[in-house]
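Next come the chains, spelled out residue by residue.
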Amino acid sequence: MSSVAADPPADAGAGTTAAVAGPPHGAPVIPDFEIVPRGGLVLAGVVLVALVVAVATNGIWGLEFMHVAFGAAWTTIDLFMGFVLGPILGHMSVQARIELSTRLMPKMLVIMPAVVTATLVGGWQLSTKLGTNQQAFVNHGWVVASMIVVGVMAILALGLLEPANIAVLIELKKKRPRPDVIEHLMKRFIYCSGVIGALQIATLVIMTKLAS
Amino acid sequence: MERQFPPVTQTAMASLALIVAGGIYLSAHLPNHVSLTPAVILLVLSVLLMAWNMLSLTRVQDFAWGRFFTVARWSMLAYAVTAGLIEFVFVRNHVSGGVLVVLTLSVVVYAIHVPTLIGFTVARYYEGPDA
Chain C
1 MSSVAADPPA DAGAGTTAAV AGPPHGAPVI PDFEIVPRGG LVLAGVVLVA LVVAVATNGI
61 WGLEFMHVAF GAAWTTIDLF MGFVLGPILG HMSVQARIEL STRLMPKMLV IMPAVVTATL
121 VGGWQLSTKL GTNQQAFVNH GWVVASMIVV GVMAILALGL LEPANIAVLI ELKKKRPRPD
181 VIEHLMKRFI YCSGVIGALQ IATLVIMTKL AS
Chain R
1 MERQFPPVTQ TAMASLALIV AGGIYLSAHL PNHVSLTPAV ILLVLSVLLM AWNMLSLTRV
61 QDFAWGRFFT VARWSMLAYA VTAGLIEFVF VRNHVSGGVL VVLTLSVVVY AIHVPTLIGF
121 TVARYYEGPD A
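Quick mapping for you: the protein sequence lines, in order, are chains C and R.
Using our numbering, the first residue of the first sequence is number 1, and each one after it goes up by one.
Using our numbering, the first residue of the second sequence is number 1, and each one after it goes up by one.
Since the hints were derived computationally from the structure, they do not count as laboratory data.
Everything numeric in this text was worked out from a predicted model, so none of it was measured.
Any given hint might turn out to be false.
Unchecked claim - Ranges between beta-carbon positions, derived for each pair:
hint, chain 1, residue 1, chain 2, residue 2, range
1, C, Val53, R, Ile41, 32 to 40 Å
2, R, Thr37, C, Lys175, 49 to 57 Å
3, C, Trp61, R, Thr37, 35 to 43 Å
As the list claims (entries may be wrong) - Covered stretches of chain C, going by a simulated chain R footprint (3 or more residues, C-beta under 8 Å):
hint, stretch
4, 47 to 61
5, 142 to 155
Note that CB positions come from ideal geometry on N, CA and C, so glycine has one too.
Please model the complete structure; the sequences and the hints are all you need to start from.
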């Protein structure tokens with residue numbers, strides 16, 4: 001365990017800076033945690049092996065399962081993170097925020113890449129098999145729109161979300177984590193989750209249109 | 001006062017956006033043969049941005065290279081797995097020729113640039129012995 005370096009900032013009492021810096025009487029305690037949970041890696045490996053099998057066998061059921069089940073998980077997690085948990089996190093006490101982050105973010109680190117890879121690879125293979133990625137498909141414009149939305153989400157997730165996630169966890173592992181760094185990275189994580197959550201609504205619109 | 005770094009994150013995101021755009025361009029025209037030129041131009045620009053990013057990083061004084069490589073190496077292992085899966089789908093669907101080359105190189109950019117970005121984001125806040 002370690003504690004956050006908690007010299008009270010000049011603007012203590014205002015906004016999230018104060019929250020992250022913590023109360024002046026006693027620095028928040030950081031529970032011990034694994035940055036990458038090894039048990040989760042095994043589960044992610046199982047998902048990826050199942051994905052390879054689904055693509056190699058090229059059966060409709062397997063591909064639909066990978067795309068729909070993991071796509072639903074991806075959308076739900078992003079909406080929940082962006083619009084439910086994110087705003088709540090911003091109003092939690094430092095200690096509660098740290099405890100939630102050290103338990104949630106390592107799991108997200110393993111879950112999200114596996115879920116996203118299964119959704120996209122399964123979806124592309126399914127689309128190829130059904131011919132819905134061909135220009136002749138009646139809703140081809142919607143398919144291209146979905147690619148653009150997914151592309152934007154991928155750039156945000158890969159460029160901002162994932163690095164912030166890992167950096168926060170590594171910062172929290174330090175003997176004396178810097179509250180300003182954690183605050184900065186957590187803000188990035190929460191805002192980015194919100195934008196991706198909004199884009200997931202566009203995904204829902206497109207996917208329901210394609211399925212109807 | 002926070003240290004100043006080159007715009008590594010912004011540059012990496014622009015580089016990723018270029019290969020994503022190239023991929024969408026190629027995918028959107030299936031199964032018709034389409035000119036590879038726009039996709040090649042986007043890929044070349046993406047590679048140039050990646051090279052510029054690496055060069056910028058090497059010029060940063062007292063950068064925590066030890067921490068950077070530790071994080072980037074493990075990230076690269078993870079992203080190599082996902083890149084391999086993407087490549088597997090291309091080959092499984094008999095993508096070949098110039099399109100396969102462009103898509104493969106785009107996947108390589110992805111598998112190098114994302115771990116670089118993760119390593120940078122961690123190392124920029126590191127103030128250890130190698131910083």
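Each hint tested on the structure:
1. The beta-carbon spacing between Val53(C) and Ile41(R), approximately 37 Å, falls within the hinted interval of 32 to 40 Å.
2. The hinted window of 49 to 57 Å between Thr37(R) and Lys175(C) holds, with their beta carbons roughly 54 Å apart.
3. Our hint of 35 to 43 Å for Trp61(C) and Thr37(R) holds, since their Cβ atoms are close to 40 Å apart.
4. As drawn, the stretch 47 to 61 of chain C meets chain R at 6 residues by the rule of a beta-carbon pair under 8 Å; at three or more, the given contact holds.
5. For the stretch 142 to 155 of chain C, the stated coverage by chain R is satisfied: 6 residues place a CB nearer than 8 Å to a CB of that chain, which reaches the threshold of 3.
When each numbered hint is compared with the structure, no violation occurs for any of them.
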